[in-house]
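K.L.:
Work out the full structure, taking the sequences as your base and the hints as a guide.
Keeping their order, the protein sequence lines are chains A and B.
Read in my numbering, the first sequence has 34 at position 34, and its numbers run on one by one without any break.
Read in my numbering, the second sequence has 138 at position 138, and its numbers run on one by one without any break.
Quick list of in silico lysine to any residue cross-link-like pairs, SDA-like style, CA-CA up to 20 angstroms:
1) B:K267 x A:T126
2) A:K201 x A:A89
3) B:K95 x A:E309
Computed Cβ-Cβ distance ranges for the label pairs, DEER-style:
4) A:I12 x B:L161: 55 to 63 angstroms
5) A:T148 x B:G93: 51 to 59 angstroms
6) A:L234 x B:Y133: 38 to 46 angstroms
Worth flagging that the hints you see were computed from the coordinates, not collected in a lab.
We put the beta carbon where it would ideally sit given N, CA and C, even for glycine.
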Amino acid sequence: MSQAVSFYATTILVYFGVDILACWSFNLQYGVAGVLNFAFIMFQAVGAYTAAVLTLGPSSGNGGFQQYILGWTLPFPIPILVGGVVAGALAYVVGLVALRRLRSDYQAMVMLVISVIATLIVTNQTNLFNGPAGLSLIPQPLSSLASTNSYPWLFVGVTALICVIVYLFVHRVTSSPLGRTLRATRDNEDAAQALGKDVVKLRLFIFVFSNAIAGISGALLVQFIGAWSPGSWLYVETLVILTAVIVGGTGNNAGVILGALLVPVAFNEATRFIPPFGRPGLVDALQWIVIALLALVFLWFWPRGIIPERRRRFKVPAILLVGTDPPRSSAS
Amino acid sequence: MITGSVIVYSIGFGIVTASILALAAVGFTLQFGVTNILNLAFGDIMTSAAVVGYGVNAIGGNIAESLAAGAVFGAITSTLLNRYLYTPFVRHGTKLFGMVVVTLSVGIIFQNVVLGWFGPNFFSYKLSQSKTYDVAGMFFTSIQFTIIGLAVGVMIAVQLLLTKTRLGKAMRATAANPDLAQASGIATDRVIDAAWLISGALCGLSGVVLVLNTTTFQSTTGNDFLVIIIAAAMLGGVGRPLGALVGAVILGLATEVSAAYMSPSFKEVIAFVVLVVVLLVRPGGLFGNADTVRSANA
Numbered sequence: 001m002s003q004a005v006s007f008y009a010t011t012i013l014v015y016f017g018v019d020i021l022a023c024w025s026f027n028l029q030y031g032v033a034g035v036l037n038f039a040f041i042m043f044q045a046v047g048a049y050t051a052a053v054l055t056l057g058p059s060s061g062n063g064g065f066q067q068y069i070l071g072w073t074l075p076f077p078i079p080i081l082v083g084g085v086v087a088g089a090l091a092y093v094v095g096l097v098a099l100r101r102l103r104s105d106y107q108a109m110v111m112l113v114i115s116v117i118a119t120l121i122v123t124n125q126t127n128l129f130n131g132p133a134g135l136s137l138i139p140q141p142l143s144s145l146a147s148t149n150s151y152p153w154l155f156v157g158v159t160a161l162i163c164v165i166v167y168l169f170v171h172r173v174t175s176s177p178l179g180r181t182l183r184a185t186r187d188n189e190d191a192a193q194a195l196g197k198d199v200v201k202l203r204l205f206i207f208v209f210s211n212a213i214a215g216i217s218g219a220l221l222v223q224f225i226g227a228w229s230p231g232s233w234l235y236v237e238t239l240v241i242l243t244a245v246i247v248g249g250t251g252n253n254a255g256v257i258l259g260a261l262l263v264p265v266a267f268n269e270a271t272r273f274i275p276p277f278g279r280p281g282l283v284d285a286l287q288w289i290v291i292a293l294l295a296l297v298f299l300w301f302w303p304r305g306i307i308p309e310r311r312r313r314f315k316v317p318a319i320l321l322v323g324t325d326p327p328r329s330s331a332s
Numbered sequence: 001m002i003t004g005s006v007i008v009y010s011i012g013f014g015i016v017t018a019s020i021l022a023l024a025a026v027g028f029t030l031q032f033g034v035t036n037i038l039n040l041a042f043g044d045i046m047t048s049a050a051v052v053g054y055g056v057n058a059i060g061g062n063i064a065e066s067l068a069a070g071a072v073f074g075a076i077t078s079t080l081l082n083r084y085l086y087t088p089f090v091r092h093g094t095k096l097f098g099m100v101v102v103t104l105s106v107g108i109i110f111q112n113v114v115l116g117w118f119g120p121n122f123f124s125y126k127l128s129q130s131k132t133y134d135v136a137g138m139f140f141t142s143i144q145f146t147i148i149g150l151a152v153g154v155m156i157a158v159q160l161l162l163t164k165t166r167l168g169k170a171m172r173a174t175a176a177n178p179d180l181a182q183a184s185g186i187a188t189d190r191v192i193d194a195a196w197l198i199s200g201a202l203c204g205l206s207g208v209v210l211v212l213n214t215t216t217f218q219s220t221t222g223n224d225f226l227v228i229i230i231a232a233a234m235l236g237g238v239g240r241p242l243g244a245l246v247g248a249v250i251l252g253l254a255t256e257v258s259a260a261y262m263s264p265s266f267k268e269v270i271a272f273v274v275l276v277v278v279l280l281v282r283p284g285g286l287f288g289n290a291d292t293v294r295s296a297n298a
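P.N.:
Here's what the structure looks like:
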């Protein structure tokens, strides 16, 4: 494999891994718990920036051309993990405000506003994350372990490993009684509440948990690319992940992998091969229009996605069937 | 140093911002009140209306003609959107947060049509150099006077429409309980169309005046303003036109006066602080009923 092809392939694989993590995280909130987190990209960004400032040396280094906080030069994998923790902590604070028993659309709107405000703060508060210019020259982790040519493959391995570990956690949540309860609160909040489930607390838990995953995905991405700026974390980017989840199959962990492959990965790559035409920005604009149309078309024709959520059936315990005829099974 | 005259000066700015915000927030809240839809495409339709106003301006139209064109565009676009896209989706069984995805997608489409058409540059209205007037230490251009007058006139008209006319009463009845309204002989479909025509016209008007005030715009201008519109509507209680008006005045003044004390780029942060406080203390807003925004399995 030539070096260029190898580099291209590894870049796509890392992006794919990051998008899978993002889609799992978003799906836990949107597909499983019924929380539409329009501030999703903010949590990914927070994880990314945290990892960046923990990996970078002190801000006075490199002639002090960029300003940021911390600068602790911590070794892999601490920055990525802390990125997840910080994103989770922020999710806790945001969740306390936004996850109260509000209408789901009202909730989504609050999150959207929070996301826009976060961008404004990061862009204007230059000493925090270097303002609109963003951060660059972020050292790549474990770079001493491999040569320049084989390093990207090492990173693909790291990404795959993180994906597997995260999947174990995600699967544990979705297949457990907790996951069942979350789906119950999604489908009928009042009924779940009546059965003694603390809806707000459950949602807050899943919000913190899944946004920590979002933070890890962002951290991983920034470690790979080595640079990032607030312009790449605008709230509309959430729509890409949202569309991926809707297309792949809302509520289905395997489905959203397909979604991650089709929407963020295939789309970004497809447009790379279209020769630029028209005025500057036209290809970008068309790309957004198509993604938005994709979300609309799927919501209308295939709201459950390509690989729909499995219908879960549960046997009713025999003791509950006494006196009722004929025997029936109830679906969740 | 912050001197008294700076504060008076910024209050002047605040009044102008409040006027623009009032037009937008009342339109936004009306759509929610009557049809239960939080239309996140609102800001992008404002931008599109500003583009239409720009087109009229570019072929030699005056301000009034630009405003009228923007209002008509906003009214027709919003009504068609609701009738042929939002309503079918609701009838199709799309849930509340599904509708947020729908409206956001529509907004993105509008925004990127403008971006694709005009490119990422800023565009400027051609306006004749207008005189500046000094009113008790506040400075207004004649365009800003027009904006304030327009806002006051429209607000009075909307309030009279909602409280005094049959159509307004039918709208309020439809907002309160669409099934009961229909059973009582109100043609709710037509009332909803009328509500979207009016709120769409407000949307278009606010888009043009937003750009008239700053004179330049780009594809994201309206959407950038949406955050403050949402905050104003929430502050007053979503679905309450009078509340949105009060919310707009409070936020318009608060953002501009605070801009005298700190970086103007933090204006929206004030809107955000207001929003958080409202959510924590009174989730229904100042005039709203908390039940409106409580979760229900709708």
